[in-house]
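Could you put the whole structure together from the sequences, leaning on the hints where they help?
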Amino acid sequence: MAQVTLDRVRKTYPNGFEAVQPCSVKIPDGELVVLVGPSGCGKSTLLRMIAGLEDITDGALSIGTDVVNDKDPADRNIAMVFQNYALYPHMSVAKNMGYGLKNRGASKAEIDAKVQEAARILNLGDYLDRRPSQLSGGQRQRVAMGRAIVRDPELFLFDEPLSNLDAKLRNQMRIEIRALQQRLGVTSVYVTHDQVEAMTMADRIIVLNAGRVEQIGTPTEIYEYPASTFVAGFMGAPPMNLLTAQIFEGALKLNEDTVLPITAPAGMGHKVLVGLRPEDVRLGGDGSVLFNVEIVEELGANRLLHGKLGGQDFSLSVGKDEAARTGVQPITLPVARVHFFDPDRGTRI
Amino acid sequence: MTDITETHVTSPAPSRSTKRIRWSQVFDHTILCTGAFFMLFPVLLVLMTTSFEDADIVRNGLQFGFEGQMLENFDAAMFEAAGFSKAITGTRMLMNSLILGFGFAIGKIVISMMAAYAIVYFRLRFATFAFWIIFTTLLLPLEVRILPSYEAIQSLGLANTYSGLIIPLIASATGTFFFRQFFRSIPEELVEAARIDGAGPIKFFIDILVPLSRTMIAAIFIIMFVYGWNQYLWPTLITTDEGMFTLVRGIKQIVQVLSQTGAMIPEYGKALALSLIAMIPPVLIVIFFQSWFVKGLTESDK
Amino acid sequence: MKRAGFTTVWLPIALLLPQLMIIAIFFYWPAAWAVQSSFYLQDPFGFGSTFVGVENYTDLMTNTEYGKVARFTLIYTALVTFFSLSIALLLAVKADKVIKGAKSYRTLLMWVYAIAPPVAGFLGLMFFDQRNGPMTEMFQTLGWDFRLGADYNSTATAMVIVAVWKQIPVNFIFFLSGLQSIPKSVREAALIDNRSASGRFWDVTFPLLAPTAFFLLIINITYALFDTFGIIDTLVRSEPGNNPVTLVYKVFVDGFRGNDLGGSSAQSVILMVLVLLLTVFQFRLIERRIHYT
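Protein chains in written order, with the working numbering: chain L, 443 to 791; chain C, 749 to 1050; chain X, 48 to 340.
Which residues of chain C face chain X? A partial, calculated answer using Cβ under 7 Å:
(1) Asn808
(2) Ala878
(3) Leu887
(4) Ser1007
The set of hints was computed from the structure by calculation and includes no laboratory data.
We put the CB at the ideal spot given by N, CA and C, even for glycine.
Pasting the structure below:
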């Protein structure tokens, strides 16, 4: 087990493209850290740099106490689960799992024991002699996990391991991976573009955008106090409403007719972005704020109401027992849960 | 807009149309059978003719039917010494053909697989350059540079040797290009997983890449074997020693002997039998390993 | 190159070395040699050579014999390509359609691929034999005094027929695999949109097959130009005389029989340029091909 430290780690490609801007993170021993962001944000590159599959342009990466920048992937004592699993198609499940150990010179008996143990944990006992092509998607996923477990690594790396599975299986595997990781207590770095996976699995989330770390924090911190409009919009479904408001004598004006009953933050110019989570807003109220509902989305457990608030796009979420209809209706804004962002830089105020 | 209602599906398609479909099928089969007939018949006729006596063949040409001479003719083709120096038999030529076929196919696969591996899987600045050097060879078939290649072999003293026969034929990029395409289609993550599993370049090649390429190797082997076996121009130039003749090279000899107008009756039966022996091994390989062969041919796209 | 390639330096060089060496000795050297000697006139008795500039080329351009060979090669290539492609396409379309016996037909129509060109030529020699070849008799019944080896047109016809026969299987294999790779959904969509079978073929199937056809066009031109050497050599019994021959055959005859190294090399260089043009053309097509998929 080990902690992982990234000290101003940076990646620049020969053509000058900066894939990962200097990034400093300390991952405590045993934690599961999720790297999340849209595609092309550099999250996979960062993971592959930790794995040693990609050169580190600058900065220091340590696993445990050693700086491992120049170590071969095989010498970093890591294990990786790939998006497409990368199972060796011509080897049986058992051989796939044992290949790394064999290369390390482990004895046959030792390999056997470890493979059996991993198979038991992952319920793969009946499939050890099969080829990957004879397995279902979920089973292949488990084999990929098994290959990681048998190595007894200091660090697990996951590169979007669930994105090739269907929604139901994905939910199930999400829980299994998390449970397994907690049981084994191995430090893990998990890359995904799915914010639900990030929120549900992580001890700590690192949100990346365009090669830059936007925010690092626990799921709650990220959700409750997004550091930028990017994080606010990326984490949470449906995303946070972001309304552009004029500050006029301390009041927040969306347009001529709509003034929000919220106090403007001090020390601002004449414009601010107001962030409101759809689930924080409630229907009904004194009529001072009117929401024009255009579409009602039925989700079963709740409903989403989409429409216009003061001429700007706005959504809110209500429970399944609440009546929902289209048309203009009053709403109540959560005064205590308003987020303010700088309209130019997008940063939290 | 119409209301959506359930409709009841009526009984299966009317039987009236089946007759018309059948006629078009008959037409399709007729065309295919005609094609198959024209492919097959010439060889069949030659096979039948080998069962006749030489005198018969000389008088009447190719024969339809069966006589009793087939065994004798094939026996003569295989075991009777022939040529000006009486140094060559059918078995000897068969052996030379096999050496050329196998030697060429194996040599080509080994050399091109190694080169393709180096080009695809290593971070080598020189790799792109090497690829282009190799790739350019696709531009010039052996037939075009035959004269200087012949000079090269002469000056290396490789005339009338198996190496001289095989190695220059390997000097083209088809195999390398083929394996390069195939390697590039293998998911990147496989080499990454292997590196994390502690496999170095040699281990990865032997443990993973070669087993993964088995089908491809088989496919390219068949194509290359047939290609090598069927070589004509190069063996004609490079082998003047009759003991080195391949079956296909022997055809030239047969044609020349049959063209001579001498007192003796030309040995047509034997010659035809020999031409069949020259066909049989590659034809059998292509037929039996058809699916690999087709896959290799069409996926390589040259 | 793969994203995460190995970084070892000596190993890839060692792996590339055999291929590069063979290429250098048997490819680059001969090619350079051919280019060089195309500018020299070789003494017929082997006493050195003199630089003559482009004279070998200008000689060829004004040589009526060479012009005749070039013209024949053009016609021959066009005929072989056209007939072997169209017959193979017809057979492939039918083989793709039938359900019963599809596999047997495939085998029956492709096995000839494995026959060596000179062996095919030898069969041709028997079938077109002047005295008693079945094909000769057929032509004579039709009123054509067919004489292989003696009459220019007769020999040319025999060459085209044998070359087409030998090439149909390759084209058939490619067309069939091209047809089979057309997605089923596309065919079904066409089935709904167009009730005429021939309309569906020309509007949907054929355009989708066009990349394969273009590719085969190049393959067939190359085949007719170079790979039919064995067929021609056998059909003329290695004695070209007044018989039609192709450009490649003339390179061989002038170089090895006529000992005209300079002239033969110049012909080689012209053929090299021809192949180069074909390859460039082919690359253009491959680029287009990618747009389809």
